[in-house]
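Undergrad: Listed here are the chains, written in short residue letters.
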Amino acid sequence: MSGIPTTGPVPIGVPAVAVAAVDKVFDTKAGAVTALQSVDLTVAPGEFVSLIGPSGCGKSTLLRLIADLDQPTTGTVSVFGKTAHQARIDQDYGIAFQQAGLLPWRSVRANIELPLELHGVGKAERGSRSSELIELVGLTDFADSYPDQLSGGMQQRVAIARALAESPRLLLMDEPFGALDEMTRERMQTELVRICGETGAAVVFVTHSIPEAVFLSNRVVVMSPRPGRIRDVLAVDLGGARGDELREDEHFFAGVSAVRELLHGDAAPGARARGVENR
Amino acid sequence: MNPRAGNLRAVLAPLALGVLAIALWQLAVVAFDVKPFVIPSPLAIGTAFGGTPATIAAGALVTGANALVGLVVGVVVGVLFAVLAALVRVIDEVTAGIVAGLAVIPIVALAPAFYTMFGADQQTARQLIAAIAVFIPVFVNTLRGLRQVRPVHRDLMRAYAASAWQATRAVTLPGALPYLFTGIRIASSLAVISALIAEYFGGPIGGIGRSITSAVSSSNYALAWAYVLGAILLGLVFYVATLALEKSAARHGGRA
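Order-wise, the sequence lines are chains S and V.
Sequential numbering of the first sequence, starting at 1, is according to our numbering.
Sequential numbering of the second sequence, starting at 280, is according to our numbering.
Just chain V, same shape as in the assembly (with noise of 0.2 Å):
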């Protein structure tokens, strides 16, 4: 089989099954007669989603831009501290038991609390729920990624009689990014969830998650689902971009 033969089936493959899938949901909805609360038939869902793109691309809007700022936050910090945990041994042994804290809590749980905090028509809680989740795998990816050093370049470091600084700016951190867009890459679908579920918890009118609960408890489900569709598609945005950032990251983070 030659390679192009390949790709076209790596990718008509999992099309063919997602088409199998829906056509069987909706056979399944129409013949036993499945009521709207319990599941929309795929058709209906799509319905309301061709007929409110505006309000769902809007609502993805808000969300995006809130994941956003609380993936740039989350990664400025994440790193930062990373840094300094990799440079600076108290900082480490310090931060490690805050990390784990934050890594065990349901930082959406706090959204009540932020709300309270920096008041409730404000977007601030939200960022600041998507910044603490994606600081998590990103100070932890880095970090690891700062001490791949390997030992061949350390001793060319030590035999240039480098300085710290340019032992990391040479070698340390160039060494680390292709682990950090891997954290970036986890972290960015957190940004989304994490923003959209602490709308359920309140906060001001926009946003996908607010819609989703407002559709459901005005019973129009085939809506409801409609903004689902439209999440999957804006954790979809999120996760492309920051993979294609990690491939091209990647490209000559080899071992050599």
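If we strip away everything but chain S, and leave its shape as in the complex, we get (with noise of 0.2 Å):
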């Protein structure tokens, strides 16, 4: 029995993510939050959506729905046509955060194997996976390190093999580069593009970047705070071979821009349709 869930055949017509008509509303001292409110995005399998907007839009909030980490107030959270915990029992998604939160007294392969050590797969598969993974993120000559004797980036690359321990067919991330350097943040990036590329997972990547939204996204979803809602999704496609070349591409600026354009634009949110893609 193979304890590690592979990437089965998705049905057809089956969105990777469904959000519908959700919103989210905090209890706190002073009083009700609307950290949401009626957002609706759906994510194709094996698509790459990224949600921008600035801090309080509530984008991080709605990975946690996704995640099953929080609950919405209104509305259905769906993924793979199941409800979110359901998802979330199944292990149909891996996730990173913007910490790497790995145990710091586990070695970069334990940690690694952590997931699959709580879903029971068995040592001999658990160290040919990890193996893999420590390959994948090229980490082979520190897979006995301790987090503490690893960087930053090393750290989070750890993170993102750990999140791919399971082989899931969709991956959230919350601002997984956001406390890196300028130059390992691209040079992640430029990996995780050639990971999804290999995995074929459908990815939903919170990040306050637009340059990176930009670079890995199939599409771009805008957001707005107090209260958070999509303000606009721009679809960016720049191909499926996506390398540093591309930086400099005018495609590129040319995303760049028009995504910057709908963060700074003066629309209030909600006066455009949502969900309108801006192609």
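It is worth saying that the hints were derived from the structure and are not from the lab.
One or more of the hints may lead you astray.
[Unchecked claim] Covered stretches of chain V, going by a simulated chain S footprint (3 or more residues, C-beta under 8 Å): (1) 424-433; (2) 445-458.
[Unchecked claim] Label-pair restraints from in silico Cβ distances: (3) S:V33 - V:A375: 29 to 39 Å; (4) S:R194 - V:N286: 39 to 49 Å; (5) V:L359 - S:K123: 24 to 34 Å.
Quick caveat, the model's predicted, so the values are computed rather than measured.
Every residue, glycine too, gets a C-beta built ideally from N, C-alpha and C.
Assembly of the complex is requested from the two constituent chains, each provided in isolation within its own frame, with the hints serving as guidance.
TA: Set out below in structure tokens:
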């Protein structure tokens, strides 16, 4: 029996993520705070979607709802046609946060094997899978190092390898490169594009960097704050083979300008038809 | 200054200060003709210590064994209760009062009562006193460690649909280990002190505390101080051993 869920065929027409009419209200001491208001979003299998917006626009909250780390106040979130809760129980997604969140007392290898270990994968299988992933993220020489011996970028690569451990068809990433310097960040982005190409996973990627969103995504979801809403969705198809030369490409710059205009545009949230792709 | 010279200075400076203090002490005792019942000279204490190393070692061994039993029992019970209190809220609420009570009772004051309960010819009372003294810092520190789970790790465990027990074993317990060892290090000195002081209140012959009182009552002040020196060495052994444990546990316990 294989304990590692494989990237099985997705039934045709079932989206990786479907968020429908979602509101999220937090009850705080200062009163109710509306973090998300009437959010609709669909992510196709294999699609890379970035959520971008200023602080407080609810992009991380939206990701947490998809991950079933929080529940929507109203509306529904489904992942591969199941409820978000069932998808979490079935381990249909891998997740990475802004903090690498590695366990400091575990080596790189043991950190990557953690989800496999929790889900009862045998030792031999764990070992071969972690070796594969360590190679994938280029940490072969550091397999037995501990997190405190790694740089921030390396720690984040371990976290990504851990998110990929069970070959999820969906990756949820909450500003995973937010704490990295620009150069490491660009290298990690290039690596992420390559890894996603190799695994074919759908990705929901939270960021507040415009170039990052444009470089990585098939679609960029622009959000506005207080209350968090989807202001616009921009399709940026820069093709499959995205390398560093793309950062100098005019299509890339055009995408960056388009997202910037949407972010800074004075159109009141909701004034434009939401969900309309700005092709 | 290179690091080696720095290390050397870190060792030499306190050593030199100690030697100077002892020399002044010796000088003062001789110069002012201080009587031994006030304070004996370091030379007299050293001579007494060198004259009966076997008896001092035997006494230290009895007290040390009591302290060790108390330390082990106190650590086991303290950890057990801390885990229970971290898992079950009711236990936490019920034990909070008892722990606060234990923390303010001068535990060695219970020694006479314990000698009557467990028999004055038994070491049990002393071991129990050490165990109670150990329990408190171990319980408090371990519980604090168990509560230190970082939100990102909690989210991660939830994302993995890990059971409460899996999350405890994978994240909470290893994360609490450095705190536990800090608790043990603090408790180790308490174990020695409590086991030793408990001997002042009775119980079987033997033990370094008993030896101090009997040396004083027979006016052998230099010997009494030699036993005190033995008690200090015993306390140091416990402290250094548990400090080494703490350091090794903290090696990869840093935040990442």
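Undergrad: Mind listing which of the numbered hints don't hold for this structure, in increasing order?
TA: Every hint satisfied by this model.
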